[in-house]
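Q: The residues making up each chain are set out below.
There are 2 protein chains.
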Amino acid sequence: MSDKAKIAVDAMGGDHAPQMVIEGLAAARVLYPGVRFVIFGDENVLRPMLASFPELDAASDLVHTDEVVTSDCKPSQALRRSRQSSMGLALQAVKDGEADVAVSAGNTGALMALAKFILRTMPGIERPALVAPVPTLRGESVMLDLGANVECDTRNLVEFAVMGAAYARTVLGLSRPTVALLNVGVEELKGKETLREAADILKQASHIPMEFVGFTEGDAIGAGAVDVVVADGFTGNIALKTAEGTARFMGELLRRAFGSSLLAKIGYLFARRGLRQLREHLDPNNHNGGVFLGLNGLVVKSHGGASAEGFKTAVITAIDMVEADLIRLISADLPDVPGHEEEAGAA
Amino acid sequence: MSDKAKIAVDAMGGDHAPQMVIEGLAAARVLYPGVRFVIFGDENVLRPMLASFPELDAASDLVHTDEVVTSDCKPSQALRRSRQSSMGLALQAVKDGEADVAVSAGNTGALMALAKFILRTMPGIERPALVAPVPTLRGESVMLDLGANVECDTRNLVEFAVMGAAYARTVLGLSRPTVALLNVGVEELKGKETLREAADILKQASHIPMEFVGFTEGDAIGAGAVDVVVADGFTGNIALKTAEGTARFMGELLRRAFGSSLLAKIGYLFARRGLRQLREHLDPNNHNGGVFLGLNGLVVKSHGGASAEGFKTAVITAIDMVEADLIRLISADLPDVPGHEEEAGAA
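Heads up: the protein sequence lines correspond to chains A and B, in order. With the working numbering as the guide, the letters of the first sequence map in order to residues 1 to 347. With the working numbering as the guide, the letters of the second sequence map in order to residues 1 to 347.
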């Protein structure tokens, strides 16, 4: 089934676009030879690049647009004037049923705003959320919301938990992922009221294929203590970036440690194989592919700084989402959330 | 002046108390031979331990109490029944002017509650905050609030910035530390309204010896981009614990990398000196000593899991705070916050 996926691609978004986009698509196509691409962007630049990858070229339709969403474009600006951009057209292709999923490495805020405007939220979902895998000691967990919603209420958090669990079943391949709310302590009385209320609701949601385990703390993320870490978009964004920053900081200290003396350099040579595995495990390009959950259509967000390898990972995530029929999975779970069906009906 | 400091010590708080407390005090006394200690705890246990350190013994008064605040004690419980505990009595000694500062490695929530009740907040300060140094690529920054206040308003954040800057001048030895609010983006329009309002006020606070630089993001903490990172207690706690968890996770991956083969083990032997520096830089025992800011008295919180070395670091922090007269520093800055004096006067 994955071989039938049709992927709308914003070729112009990302720090190293469009070169890394085209190379990433070519690499993904080798793994999934039946997948088809609709590529949006500047034909004059893209045509010669595609010529270097004849098999990708044959599997792709190229749709020209001059318009690009810049990295400093505000969401409100994007809504006003970027509907015809490579990003906007890729989302429109999903809306029109011409593609199963859109992939972009462009401006996150603009992508969120355009996706919400063009695709709209799913029935019963108040706010979409951005979810992504994070590396842990046990492999990978997933975390959401990573910044789509700065302020969240109880209902948003409950929806994020249900959507995150569906995503984890797809991406992590688990039948019943563990889910927890990120808090300042694991005791029931800790933290904000919205978190306690969301926990009370999720405790009753035992029909959903997930294991709600209560609260988790910041230091449990790296340990991989739970499969799905749920937070409001402000907290999730701070936690994700703090983890990335700490990993970068330690990587730099490590680089300095190995450069500090001739002996240390020799040590590096001996240990480099083990260290390469460490680096690969932490490389953001190997964990690329955030997904906007809760929309009437699949949208995958690649890191802006992704390499071709990273963009390939994002495309594979997109194919996985199509294959798993993620939107149907989420729709199927939502009515099982206590009190949710009535609320959604009333809204 | 530091040689005259008198330190009230909760000898019973912390995972490895009281042994690490006594050993930590003995090590600190060697560095500051004129400092005096008032040690609160179980005489039957402490008397024989002190006998092993005759010089510490001579510099200390031992005050017996049977009562101990346990690690699972709730703040409300501590307030009801732990006033006569080793923790409560140490705080009371500061209140009564019998000591200049209290140091405890015990239960944070209980310490905060008891400290607030016994010492009260400074005139003009609405809420105390927990601040601590964090290791960065540039050395150390300080971050607050680390969990004393789950919900914060604009005024709280402004007070935290001013208090954090005074602490950074003392601990980091900077005359004009850079200060930023932790947010999901650096642009002025990003994040929560309380953050934007606090930024507007802090921009005008140019008389205070600090450089307010606006917003900072989670990944800038490890880079050491600013000296003082200001957040509400929920966000600060999540960021601190996420950073600690990520560092632990990477340390474990590194341990595995070096244990993965004989070659890797040989590599470790060559590189161990550089790696030891890395470990020392990250060792929480070298960055120990959170301080409760905003009370009518100095209170230093050691990590609960601190070793003797860590407790020594916390005691040195306490001596530094006394020497710098931190409370006076904060009091001197507060009236310079725009709109603060009137507010404080009206309250």
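No wet-lab data here; the hints were simulated from the structure. Owing to the predicted nature of the structure, the values given are computational and were not obtained by experimental measurement. Accuracy of the hints is not assured; some may be wrong.
One copy or two, either will do: identical chains are not told apart, so a pair holds if it fits within one copy or between any two.
[Said to hold, decoys possible] Computed list of lysine-lysine pairs in BS3-like fashion (alpha-carbon distance at most 30 Å, straight line):
hint, residue 1, residue 2
1, Lys192, Lys6
2, Lys74, Lys4
3, Lys192, Lys4
4, Lys203, Lys4
5, Lys116, Lys192
6, Lys116, Lys190
7, Lys265, Lys74
8, Lys192, Lys265
9, Lys4, Lys190
10, Lys74, Lys190
11, Lys203, Lys95
12, Lys190, Lys95
13, Lys190, Lys265
Q: Which of the stated hints cannot be reconciled with the structure, identified by number in ascending sequence?
A: Violated hints: 1, 2, 3, 4, 7, 8, 9, 11, 13; rest satisfied.
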